[in-house]
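Could you slot chain B onto chain A? The hints should help.
Number of protein chains: 2
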Amino acid sequence: MTEIRVGILGLGTIGLGVARILLEQQDLMSKRLGKKVRLVAAADRVLDRDFGLDLSTVRLCDDAKAVVTADDIDLVVELIGGYEPARSFVMEAMRHGKHVVTANKALIAKHGEELFPFAAEHGVSIGFEAAVGGGIPCLKALREGAAANAIESVYGILNGTCNFILTKMENEGASYADVLKEAQALGYAEADPTFDVEGIDTAHKLSILASMAYGSTIQFDQVFTEGISKIGAADIEAVHELGYRIKLLGIAKPHGKNGKVERVEMRVHPTLVPLTEQIAQVSDSYNAVMISGDFIEHSVLIGRGAGERPTASAVVADIMDIARVFPHGVEFLAPPMGYQADVRKALPLMPMEEVESEYYLRLTVKDMPGVIASVATILAEHQISLEAMQQKERNAAENVAVVMLTHLTTEGNLQAAIRRIEALSTIAGEVLILRKEPFDD
Amino acid sequence: MTEIRVGILGLGTIGLGVARILLEQQDLMSKRLGKKVRLVAAADRVLDRDFGLDLSTVRLCDDAKAVVTADDIDLVVELIGGYEPARSFVMEAMRHGKHVVTANKALIAKHGEELFPFAAEHGVSIGFEAAVGGGIPCLKALREGAAANAIESVYGILNGTCNFILTKMENEGASYADVLKEAQALGYAEADPTFDVEGIDTAHKLSILASMAYGSTIQFDQVFTEGISKIGAADIEAVHELGYRIKLLGIAKPHGKNGKVERVEMRVHPTLVPLTEQIAQVSDSYNAVMISGDFIEHSVLIGRGAGERPTASAVVADIMDIARVFPHGVEFLAPPMGYQADVRKALPLMPMEEVESEYYLRLTVKDMPGVIASVATILAEHQISLEAMQQKERNAAENVAVVMLTHLTTEGNLQAAIRRIEALSTIAGEVLILRKEPFDD
Chain A
1 MTEIRVGILG
11 LGTIGLGVAR
21 ILLEQQDLMS
31 KRLGKKVRLV
41 AAADRVLDRD
51 FGLDLSTVRL
61 CDDAKAVVTA
71 DDIDLVVELI
81 GGYEPARSFV
91 MEAMRHGKHV
101 VTANKALIAK
111 HGEELFPFAA
121 EHGVSIGFEA
131 AVGGGIPCLK
141 ALREGAAANA
151 IESVYGILNG
161 TCNFILTKME
171 NEGASYADVL
181 KEAQALGYAE
191 ADPTFDVEGI
201 DTAHKLSILA
211 SMAYGSTIQF
221 DQVFTEGISK
231 IGAADIEAVH
241 ELGYRIKLLG
251 IAKPHGKNGK
261 VERVEMRVHP
271 TLVPLTEQIA
281 QVSDSYNAVM
291 ISGDFIEHSV
301 LIGRGAGERP
311 TASAVVADIM
321 DIARVFPHGV
331 EFLAPPMGYQ
341 ADVRKALPLM
351 PMEEVESEYY
361 LRLTVKDMPG
371 VIASVATILA
381 EHQISLEAMQ
391 QKERNAAENV
401 AVVMLTHLTT
411 EGNLQAAIRR
421 IEALSTIAGE
431 VLILRKEPFD
441 D
Chain B
1001 MTEIRVGILG
1011 LGTIGLGVAR
1021 ILLEQQDLMS
1031 KRLGKKVRLV
1041 AAADRVLDRD
1051 FGLDLSTVRL
1061 CDDAKAVVTA
1071 DDIDLVVELI
1081 GGYEPARSFV
1091 MEAMRHGKHV
1101 VTANKALIAK
1111 HGEELFPFAA
1121 EHGVSIGFEA
1131 AVGGGIPCLK
1141 ALREGAAANA
1151 IESVYGILNG
1161 TCNFILTKME
1171 NEGASYADVL
1181 KEAQALGYAE
1191 ADPTFDVEGI
1201 DTAHKLSILA
1211 SMAYGSTIQF
1221 DQVFTEGISK
1231 IGAADIEAVH
1241 ELGYRIKLLG
1251 IAKPHGKNGK
1261 VERVEMRVHP
1271 TLVPLTEQIA
1281 QVSDSYNAVM
1291 ISGDFIEHSV
1301 LIGRGAGERP
1311 TASAVVADIM
1321 DIARVFPHGV
1331 EFLAPPMGYQ
1341 ADVRKALPLM
1351 PMEEVESEYY
1361 LRLTVKDMPG
1371 VIASVATILA
1381 EHQISLEAMQ
1391 QKERNAAENV
1401 AVVMLTHLTT
1411 EGNLQAAIRR
1421 IEALSTIAGE
1431 VLILRKEPFD
1441 D
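Sequences listed follow chains A and B, in order.
Numbering-wise (the numbering used here), the first sequence opens with residue 1 and increments by one.
Numbering-wise (the numbering used here), the second sequence opens with residue 1001 and increments by one.
Since the hints were derived computationally from the structure, they do not count as laboratory data.
Check the hints yourself; a few may be wrong.
[Claimed, not checked] Keeping only pairs whose Cα atoms sit at most 20 Å apart, straight-line, the calculated PhoX-like set for lysine-lysine is:
hint	chain 1	residue 1	chain 2	residue 2
1	B	Lys1168	B	Lys1257
2	B	Lys1036	A	Lys260
3	A	Lys168	A	Lys181
4	B	Lys1366	A	Lys31
5	A	Lys260	A	Lys392
6	B	Lys1345	B	Lys1366
7	A	Lys31	B	Lys1345
8	B	Lys1031	A	Lys345
9	A	Lys168	A	Lys230
10	A	Lys366	A	Lys392
11	A	Lys230	A	Lys31
12	A	Lys257	B	Lys1031
13	B	Lys1036	A	Lys36
14	B	Lys1230	B	Lys1181
15	A	Lys345	B	Lys1110
16	A	Lys110	A	Lys345
17	B	Lys1392	B	Lys1366
18	B	Lys1345	B	Lys1110
19	A	Lys31	B	Lys1257
20	B	Lys1031	A	Lys260
21	A	Lys257	A	Lys345
22	B	Lys1260	B	Lys1345
23	A	Lys181	A	Lys260
24	B	Lys1168	B	Lys1230
25	B	Lys1230	B	Lys1036
26	A	Lys35	B	Lys1031
Just chain A, with the same shape it has in the complex:
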């Protein structure tokens, strides 16, 4: 039976999950694959510890370099995370003719455009299903399942930590700060939660999805990104009364004429989702990806977006895809980003000012007669019409919160109006702006 020999870089949670599958699920995998996937070696800085797993058949080393250059390894699984030294090890592995599978969204989002041609040059494949949506096979669904479709939009709940925090804030009426502390205590959020809660992790994943959907190169640096840290328990309650739930979404849409994608809209921000939408029901640390295409219509994939076992499952699915064509040509696999390399190009992004949205606004109003009229007048002067307005309870400083829902307008227009509103002497502090998607089904 043909054998593909695997080396793992990084025996953290996911690395041990992958090792567990390769060791414990070998018989099942062979029955499906007709080939054997053998775990040969693993590298980690700390080897003197209890792995909770019998690794006696695996060559352990504290030097990743020894794995990426080893003669008896055909495929390297990179689970170090972050940009460097992950990038260098991956390139070194490919230089030595090894296929690569990674769960590293930061690496792909930032260095993918360097890695893909490098892989092609060395005749190897690079798999990264685990980088987006954890255990949900969303890249495969988009790249292969929806391959006959012009993609009309991609919406994703892509960060389990944020979804956990938002769910808990809603269920318990608790503040962002309190829930974040709890999430950190439970290990659901990092000590420095910036990457997750400020939307950067979601932007990494969205940039990969958008590139795959529209044939653009990955443009992570240009994604408009807003996190969830400014959302209050009162906002969650207010939008719920209006029939919505707040989700941190990654959103990608194409713009152009005659079916040709000329510009791509990409943004990450807390979004009001109608309670009737499937993705509004996706709670806790679950992820979801909604793909709309001109033929499939709407398709929603929901599952565990993180965690040892689901992520490891996605890593091994990639290993098995590569094993199917091993040791033959990687040209039999779908191209990593769903399009042939020579047609991919950097498509201009739609500037955020031009993006159309509906808006939820929370204003802190000093209790003076006429202030609502002033605000409504400014909005009207910018051709922004209101769908709903509600005065909320007075706070300790005798200020009153007022929430508003607008109809569709452009971001530029809205921001211009907000600048004028914030300049009013009757408005205290900043206006909180949340966007609302006009879901069309």
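Showing chain B alone in chain A's frame:
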């Protein structure tokens, strides 16, 4: 650019959808595939009609035989439907070295075990993603995305017609008969709706999913199958009050020891699903497949289960998968049923009497004191305990409906108790039995 030449059998709704994609989406498909998929010929009995599509570049013929034997065709798309002559044409196409893609679940469920080895013998592939879940790439997700998992259960809402009827009955409080008539008028249900409403179509699809999940041969004839025609508006309301929604589910679970699947449980019936489950929110003609595996945990895929465009999208996804390895070996593709041919075998089914479930019972009680006590006594004698009991309104014949929810018991046990209950002189007519799944997340 390498070209794969396609012929279509049957220009009905789906056939025209496939033709539309191949003609209109050619440029996009080439950019993704790096190969050209060319629609060469199509066969249909009636050609003298407006197809709503410019087929001037396609060779039209009224003889399917001319397509399956043509020298200039590499892949045949079978969209005739039903068992014969679909089976004969598919085999003839394979005999002539042509790959086959079909949306025909009946064909695969009934004749798959004849077709798969025949395809292998002739070095061709057979794709049938469109046969299950329409536009949802659920077979690919199960076969490739979850390939590293021992599958713990598959639950599917697999028939759009039934889901449409159940949704409408709930939303409008309407009777089954009225909604069925409406669905027929709208073209959502056939003049003879038996295949859909009695669960046969769902059983076709479930038998394919179960076989793929557990490595068993397809055993469609042995699926326990109950339809939705006995469900009343009052049942839908009663279960809703209890926190559930009725969905026609296909359910497949493995049974065995030490990770070895020894028997397979397969059943299709109306099922009480907790309102909090994702699949309870899947309404109208949408389909959903929930796959649970030992590593992915739970994954839910939702989308359009039928219709021209989504089904055609799935057909073309299969064409593109085959085109990727064309004209090279089909051994680079995942095996059609997810397992190597030589390890697949007919696994015994778990007899329905042994299947464990919770139950919803609707009894029509002649209004006599003591009857509830008699019923409860019989249930208790069969070690069946009650979770809830509710007396409903009196009907015209002065009978009273009583609904009950039981705790977990076996089907055999429940049926024995029901036989005794139905024999009571105080019970009118049959007891309606609906099953309730103990969803475990």
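Could you tell me which of the numbered hints above are not met by this structure, giving the numbers in increasing order? Violated: hints 1, 4, 5, 6, 11, 13, 15, 23, 25, 26.
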